[in-house]
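S.K.: All chains should be modelled from the sequences, with the hints used to inform the complete structure.
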Amino acid sequence: MKKLLLGNEALAQGAIDAGLSGVYAYPGTPSTEITEYIQKSKIAQELNIHSSWSVNEKTAMEAALGMSYAGKKSMVVMKHVGLNVAADVFMNMSVSGINGGLVVVVADDPSMHSSQNEQDSRYYGKFAMIPMLEPSNQQECYNITKYAFELSEKLGIPVLIRLVTRLSHSRAGVVTGEMIAQNTIHLPKISTQFQLIPMHARVRYKHLVDIQPDMLEISENSEYNTFYEGTNKTIGIIASGIAYNYLMENFEEGNCPYPVLKISQYPLPKEPIKHLFDTCEKILVLEDGYPFIEEAISDFLGENRKVIGRLSGNIPRVGELNPDNIANALGFDIVINDKLPKVVMGRPPQLCVGCGHNDLFNAINAIKKETENQQVFGDIGCSALGVLSPYESINTLIEMGSSITMAKGASDAGIHPAIAVIGDSTFTHSGMTGLLDAIIEKTPITVIISDNSAIAMTGAQDSAASGRLISICKGLGIEDDHLKIITPLHKNLQENIDIIREEINYKGVSVVISQRPCVQLPKEKKDKLKEYTNVSIN
Amino acid sequence: MHSKINIILAGVGGQGILTIAAILDTAALDNNLHIKQSEVHGMSQRGGAVQSHVRISDQPIYSDLIPQGKADMIISVEPMELLRYLPFLKKDGYLITDSNPFENISNYPELNAVYDEIKSHKNHILIDAMKIAKDLGNSKATNIVLLGAASSLIPLSDESFQKAIATLFERKGERIVAKNLEAYLKGKEIAAEIVS
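Residue numbers (the numbering used here), protein chains in the order written: chain A, 756 to 1293; chain B, -13 to 182.
What the hints contain is simulated information worked out from the structure, not anything from laboratory work.
Every residue, glycine too, gets a C-beta built ideally from N, C-alpha and C.
Be careful, since some hints might not be right.
If we take Cβ atoms under 7 Å as the criterion, some of the chain B residues that face chain A in the derived model are [what the hints assert, rightly or not]:
| hint | residue |
| --- | --- |
| 1 | 24 |
| 2 | 33 |
| 3 | 37 |
| 4 | 54 |
| 5 | 141 |
Dumping the calculated SDA-like pairs for lysine to any residue here, alpha-carbon to alpha-carbon at most 25 Å [as the list claims (entries may be wrong)]:
| hint | chain 1 | residue 1 | chain 2 | residue 2 |
| --- | --- | --- | --- | --- |
| 6 | B | 76 | A | 881 |
| 7 | A | 881 | A | 799 |
| 8 | B | 77 | A | 1007 |
| 9 | B | 56 | A | 966 |
| 10 | A | 795 | B | 4 |
| 11 | A | 1025 | A | 972 |
| 12 | B | 108 | A | 966 |
If you anchor each label on the Cβ, the simulated ranges turn out as follows [claimed, not checked]:
| hint | chain 1 | residue 1 | chain 2 | residue 2 | range |
| --- | --- | --- | --- | --- | --- |
| 13 | A | 802 | B | 17 | 46 to 52 Å |
| 14 | B | 90 | A | 1061 | 48 to 54 Å |
| 15 | B | 161 | A | 1050 | 58 to 64 Å |
| 16 | B | 17 | A | 805 | 37 to 43 Å |
| 17 | A | 1006 | B | 156 | 39 to 45 Å |
| 18 | B | 143 | A | 1091 | 35 to 41 Å |
| 19 | A | 1092 | B | 114 | 39 to 45 Å |
| 20 | A | 942 | B | 161 | 53 to 59 Å |
| 21 | B | 77 | A | 969 | 52 to 58 Å |
| 22 | B | 156 | A | 1026 | 50 to 56 Å |
| 23 | A | 932 | B | 178 | 43 to 49 Å |
| 24 | B | 179 | A | 871 | 45 to 51 Å |
M.R.: Spelled out as structure tokens, the structure:
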């Protein structure tokens, strides 16, 4: 029977059916629903598949590697920028290799619907020299995930699956297959495999290099890389992942007259690409994200414009693909219409009615009026909406955890007051280590942890910080006198302003925990939170 | 009956357009049709503009996104949001929307100008779905009234829609199912008067 599943859900079901023993992840749009699907799956619960959230992508990937070391199949899931956080283990586990099948799933966000960049994870896969899979539709999400575990165990290395927003968040009917059993515990056969001291690492790295031709051969014979020999050789088309759908959309019943190489597995298959070069006048590369394939097969100096795509300007260099910009590249007579009636205004995202961040920003803005040089360093999550009107409270927003460390650096440079605003979950994800830097040097910064006890932006998942913020801050070395708790409510505005002002004036590190549960949390969770919210600092 | 239909659902994060999408999906799946339905998760769900592309066909569907000028209709829970997706509307495609503005931005346009723009399109159904839902004693069913209003233009049977609504609200109890069926039928009735 067909089930109607998001690309993310189809992938998750594929992992369960592949004999998964544990998924590790930190929420991040557009990847979140993969882990949530496994968390909610009855069968996954019965099978005792691990699915709790990790504190960040690095801890998640390391735990997945640990499970693989023990011989079981594991998966680690993140959004594209999460892979930056996990890059250390990612680059090294391709060298060590794996024991139980290990699949890394990364959901890229071309057009930056919910992200700060549109980095393309395929470069990471190439960097780590591992096979990559890029499904084009929901059914392939399911099939490819099962295959990815098989491939990982066959080659003894991790496999990367790359998704994009539009596939992650689109539903279609999916037919599922039979379920493969989980692995039992079995330790690696070679005892030095996971001991990456230089002498062993050199052996492992050589092995990784040596199996590259095997990966290429598998890719060239993969059922996920298909070639269709069209009749019109004026253009040969390479379409990877979801781009294939947008291409086919432009032809009645998918009857494309041009040769088409659909790519859903990497390394890039050489044979069919060579065939396209030999038989076609031009090669059009369609890929969502960066011009990864186009760059790989183009000539460096750009003198021979045989290959066209994003680099040549036939497809816009930035932003996601769609049927229309591909129609344009195919030379179809269409006009892309981006004109809207004058009455249509932009409607950017904003804080929910009754959100505690709102009252915090009001207090911060009141202090801004009192000082000349106040700089507020913001962070990822709902509190990032403080960048926008009507608050415009935040001066910077770069990546997870950067609020505290940027405030520190700016303070070192002489900026005062330097205020960091960071959400509770972002703090445990990547803020704690930066806070320790500031504490060690007694840097005069004020860190405001806007604690809504949820990973709010991605759907109010449980935050690792809940009930632990005070002990974490004290443990890192924040003095009791400069660890304050405020409740961001309108009636407390003046009191909150006074507390923040006092801490700004302190010539050391202060932490102000601004504590009020996310309005999106269900009542039961809010009630549960009351158990610790009224705890005193001492 | 058409063999395929492309629908854009529009609104503001939190207004329930995914419920409309889910009913369409369920009804289409029940009829063994092909479906692709893209939706918006993440940042825009926080009070921003959101849309869903719903594509239903008896043939395989390639793109998850509807190409420009290929949407048969836009169903919107908010009048200005309806207009945001006009480049996707087919010539003489249908606009179906609630008339109540969601004013969470400071530069919300003059409402009559929005209505004028909607009315300049030949095929439009502009109704106070929120009031209709409230009068039925279920203010949350604005989206279902709109679906009812659009239903006769969608190549799925009335029976399929009702079955899908019953399935989707089943967990919430019989009373809620009945209330939503009522909202659906009222929307259908009012649209029939407008279209005829």
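S.K.: Each hint: holds or not?
M.R.: Against the structure, the hints:
no., hint, in the structure
1, 24, "holds, 4 Å"
2, 33, "holds, 4 Å"
3, 37, "violated, 11 Å"
4, 54, "holds, 5 Å"
5, 141, "violated, 18 Å"
6, B/76 with A/881, "violated, 42 Å"
7, A/881 with A/799, "violated, 32 Å"
8, B/77 with A/1007, "holds, 19 Å"
9, B/56 with A/966, "violated, 47 Å"
10, A/795 with B/4, "holds, 19 Å"
11, A/1025 with A/972, "holds, 9 Å"
12, B/108 with A/966, "violated, 64 Å"
13, A/802 with B/17: 46 to 52 Å, "violated, 34 Å"
14, B/90 with A/1061: 48 to 54 Å, "holds, 51 Å"
15, B/161 with A/1050: 58 to 64 Å, "holds, 60 Å"
16, B/17 with A/805: 37 to 43 Å, "holds, 39 Å"
17, A/1006 with B/156: 39 to 45 Å, "holds, 41 Å"
18, B/143 with A/1091: 35 to 41 Å, "holds, 36 Å"
19, A/1092 with B/114: 39 to 45 Å, "violated, 30 Å"
20, A/942 with B/161: 53 to 59 Å, "holds, 58 Å"
21, B/77 with A/969: 52 to 58 Å, "holds, 54 Å"
22, B/156 with A/1026: 50 to 56 Å, "holds, 53 Å"
23, A/932 with B/178: 43 to 49 Å, "holds, 45 Å"
24, B/179 with A/871: 45 to 51 Å, "holds, 49 Å"
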